[in-house]
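**Q** If you're matching them up, the sequences are chains A and B in order. Residue numbering for the first sequence follows this note's numbering, beginning at 5 and increasing consecutively. Residue numbering for the second sequence follows this note's numbering, beginning at 5 and increasing consecutively.
Just so you know, the hints here were simulated from the structure itself, not pulled from any lab data. It is possible that some hints are incorrect.
No copy labels: a pair is met if it fits in one copy or bridges any two.
[Said to hold, decoys possible] Taking lysine-lysine and the DSSO-like style, the derived pairs with C-alpha atoms no more than 30 Å apart in a straight line are:
(1) LYS225 to LYS262
(2) LYS110 to LYS262
(3) LYS151 to LYS225
(4) LYS188 to LYS220
Protein chains: 2
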Amino acid sequence: MDPFVRLLLISILIQAASSHKIIRILPSYDKISNGEGQRFDDGLFCDSWRLSVETNNAGYWATIPSRCLGFVDAYMNGDRYASDSEVVAADEIDFARRLDLAGNGKDAWIFDVDETLVSNLPYYIGAGFGSEIFNETSFDEWVDLAKAPALPASLKLYKELQGLGFSLILLTGRAEFQRNVTEKNLLFAGYTNWERLLLRDASDIGKPARIYKSEKRAQLKRDGFQIHGNSGDQWSDLLGPPMATRSFKLPNPMYFIK
Amino acid sequence: MDPFVRLLLISILIQAASSHKIIRILPSYDKISNGEGQRFDDGLFCDSWRLSVETNNAGYWATIPSRCLGFVDAYMNGDRYASDSEVVAADEIDFARRLDLAGNGKDAWIFDVDETLVSNLPYYIGAGFGSEIFNETSFDEWVDLAKAPALPASLKLYKELQGLGFSLILLTGRAEFQRNVTEKNLLFAGYTNWERLLLRDASDIGKPARIYKSEKRAQLKRDGFQIHGNSGDQWSDLLGPPMATRSFKLPNPMYFIK
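For reference, chain A alone in the conformation it holds in the complex (with noise of 0.2 Å):
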């Protein structure tokens, strides 16, 4: 293509892209106020919109709201994202206890890996916290680097469950040609002994994460695993048939994945 147009062509993806976001975020988030008229504080209003993102009432989000980079900053890096995290893990290991198991091997514990077996934190301090749109080529670097930390509260869970005795089943929406990185970045942040990790291959490229894991989830079954649990900080983790028993939405206010 000609260098011209194709500049051309791009400018106008980036216009009507960021005039989408301009539609998508502003106008309704912006006249949202108290009951005297009075806009709500940053502080606030991020804190609402965290929740709105969890609790999957946002829908599509491209990046987080530029008057939130602050907040996000100081949830991920403070207590908050440690002790949202070790309530959520909580609530997992209450449920997996009392569960009764087949024994069979075929109990399995779907998890997700990126900001849910391991934090890409690192990375995204230096990428705005998701106030820029993601960059999958310095990701992917990244990702190369297999340095990404365990989350301490997934790591625990993971392990506990292996002694309960689950099968865990790692389904992620790296590729394929991340397998090798993938297995490295995950013994280096202490996790061992999976049943699977499953990545996307030729054939699941291109797909939305919620189609390409609800397959997952249905091959598992028809290879005999009884899917407990699923824990993922994506809706597109655990929505779509067929469904674990229980679903545990871990929190990323970073960034939202179909």
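Could you slot chain B onto chain A? The hints should help.
**A** Just chain B now, with coordinates in the frame of chain A:
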């Protein structure tokens, strides 16, 4: 039944209920700590507990954790509940405005009533903000007063959806014998011109809300309605087939309905 035996039975039931509660709440949540083994303070823990409730991670719970009474009081009576409600309403309006409606009177939006259209906070202020076991008798007395105020964000949303041409279906867990006081209360709070007000009839009594409400949505579909949106403060208002195109979870950290 002999009054003494009855009393004994009630006492055993209360003990069973409260020991169940201790099993349910304490063992996992009480171990929650940061990396250095320090217990999170009440404010941090209760905020994480609330997120866990709002995302449906917590599963069934009978009463709020006792250490969170002050937190829930401050949340409900301060700006946060209002702000969280406003942001959900903004998400809803944003979605509703983008829809192409059939315009045949069958474009439906479902609203739950309690803690969705009207607020029972005046009652719960006197009932420990969900820290006490639910008392149906005293709650029904409150319902009979028909004085629950509107949730401001919901009233605004309701009127805006009406303006857009939606048929508003009110689907409540209240029973048919409460129809008159419920209509009176809705009018008192400023709600008018709903398409249908659906309450539990004799055959619905005792059904979990999730089943009862799913059955009513199925009936609405058979009646030709397209259910675009569904607003409720309980996951049992929203989950179960058939679901609305988009479901919106309003905040409620005071009680849980199956």
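**Q** Take the hints in turn and mark each one as holding or not.
**A** Hint check:
no. : hint             : result
1   : LYS225 to LYS262 : both (23 Å within a copy, 27 Å between copies)
2   : LYS110 to LYS262 : both (29 Å within a copy, 29 Å between copies)
3   : LYS151 to LYS225 : neither (32 Å within a copy, 51 Å between copies)
4   : LYS188 to LYS220 : within (23 Å within a copy, 51 Å between copies)
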